[in-house]
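From first to last, the protein sequence lines are chains Z and H.
The numbering of the first sequence is my numbering, which starts it at 1 and goes up by one.
The numbering of the second sequence is my numbering, which starts it at 1001 and goes up by one.
No false leads were slipped in.
Derived, one-sided and incomplete: chain Z residues facing chain H with beta-carbon distance under 8 Å:
(1) Trp81
(2) Glu87
(3) Pro88
(4) Met89
(5) Ile91
(6) Glu124
(7) Ile143
(8) Ser144
(9) Ser150
(10) Leu151
Rough simulated footprint, nothing fancy, chain Z against chain H, three-plus residues with beta-carbon under 8 Å:
(11) 1155 to 1167
(12) 1195 to 1204
(13) 1246 to 1255
No lab work stands behind these hints, which were simulated from the structure alone.
Cβ atoms here follow ideal geometry from the backbone N, Cα and C, with glycine treated the same way.
In case you want the letters, here they are:
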Amino acid sequence: MSSDPGLVATVTAAVAGADGDHRRLLQSIVEVARAIFAAQASSIFMFVPERGELLFEAVAGAGQESLVGRAFPADRGIAGWVLASGEPMIIDDLSGSPAFAHDLAESTGYVPGVIMAVPLVHDEHVGGVLEVLDPAPQARSAISELDLLSLFAVQAALALRIAQRGRSAGAALESHGADYGELISVVRAFEDLGAERRSAGLRLIGSLRDLIA
Amino acid sequence: MSHAAGGGAMTPGAVEGAVRPEITGLVWNMRDLTSADIPVTAEWAPRITPEWAWGGSTGRGVRVCVVDSGVDGDHPLVGPVTGAYAVEPGPDGAPVVRESAASDPAGHGTACAGIVRRLAPECELYSVRVLGAGFSGSGDAFVAGLRWAVRQGFDVVNLSLSTTRHKFADALRAVADEAYFRRTVLVAAAHNMRVESYPWRFSSVVSVGSHAEGDPRLVLYNPAPPVEFFAHGSDVEVAWPGGKTTRGTGNSFATPHVAGLCALILSKHPALTVFQLKNVLYLTAANVKGDL
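Chain H extracted, bound-state conformation:
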């Protein structure tokens, strides 16, 4: 398959009676854009379809790790959580990963995990807490937790968080590259503004922003990255502490839609590398149409 997305991708779709914004530069968000504004023409064998990619899949056999604030394993829309871990200060103050209760003092990780569970109901969910109580929000904890997750060989890691600190960029890039070649796909929330943060900016991860269309299954490929994919992140029903639900909007909630989709795809096609998986996401994106 070849990537013929270049010229055609930059031409806004022609819609009778509608004035489409002309895309002349990088696309950072989907503000004022719809899927019709970012059409992509690709050449590939037509057998790579959504049905081929994930039709009938439940995510069974795929291990998905949510690196976040923890996951409430008792929430009916989330559990079971097969394994829960937390990054804590070790004896010398350096972060270490220890087994912990499947709990979430903040709720953010539970909200993300619930979305993965909704898409891939039979996947195995794991949690690594790098935010919240104890070792709150340090870049060191994030790097340590992510590195640990990659070395456990999880198939999919959901990262609805990022750090703006440049000093962690090299370490995170190294972990992202390691994940890429170990067949662990990192699905990372992008920033919707021109903020440099990591690891979503790395080409080795799958970066996700939000589209404004209400379809939870709709994934769009961005022909003018830095953000590579857009998914459902607007008014999403999410699990909430105490067994409740609420509604959330943001790239945090778009990201687990793609993580869940990755779990579905890998369940049907477990031999895919991260490179191949990313291509399947591209070829099955709703705005990418074949010309063969």
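Okay, chain Z solo, but in the shape it has when bound:
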């Protein structure tokens, strides 16, 4: 097993229950983004190329309770613009556009007046979009604020990439079926053992390794 670093990472990620950590990391990022710009909401979308969708990965503020896990077509809305063009942007005064408000209302239930959106680029891939909705007035339409959000997006992109890798690891584990499931159960069970039983368990595993090596 140790000869396959990918598999080791897979099992380790599954054992560690990393998905919860990833979610908390992404959630923390949107909460900080919301705080930096004193905004009504902030969201991270992950691009799912095989479905042509943008998926709400994390939401802070308006829609926080209901939007995570929902998706919409990746060629729609400001997030779709940013994903396709790769260009960060702020669109102000959206209230004047019934067509756009309808789109947003349909997908989020919240209709902002201002959207700041930047692509999440990791290596050469645009893996998603970070949005900030209705920032405080001083952040609106200022190129320096867009630069600031773009700077912050580097961190968000990295977090999203880590979460994607973790999820891929989980999927790979599922595709391997029960082969490693038992192993993971054993390791998890170890976490709950007292020192004496853990020591005994380790001796048993050592014997098992000698047997199958």
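Following the hints, complete the assembly by docking chain H onto the known chain Z.
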């Protein structure tokens, strides 16, 4: 004319009572900078002035192509659109360019086209859709659409988009070089972060970032590229689907200001090559001052 921008360009302008940031490396964006921070001293014959370059011009006779999400030809701040095309999957799946309706399912291209129209009201506007419905956002569609546009001989191509995929860099570089020698100027939005994307990084295109100053006519030359020019990209009134307007901020909206300016210049001086046109942009940039 000679380019004496080197030493003088790196010295921040002296403003009494103000502490200017010292520019010691490449300038990627105009964060915390103003035009006074990037002065450039150049030597040239003083007849190359904004008045000479584009004074009285309306862009008449210049063909400007917006390669983007399409353009809404019915928008009162945009139309007419003389020709509209879209990149679609061909019979074998490879991208092909076909004539299409002058429409824009996304709105980004319409916003950019409206800025070009505002600056150059009598230019001919064309649209090639490479984003949006059908063949969404693939680098292949982008390369195919841009190559097609260059081979149509458009005078100016506005590119408020880029791709981060390295595998398209060589193909885009070849198209950009071809455009350069065919007298088609590619005006490309830069990234405001240290992101490698294309084609704005190529020296054969005119790359554009945003300055924070509110003047839609203000263009600045960057003495420390990769981004070569900065234009109005902050709180810009833009055309919006449904015949409306809204306000946009970003390099996407700075870029068509320079594309429109190129149209004005080429309308007055149609014989300019891309090299010469880029020099006119440099010599007329508000932060470039002659010393003769």
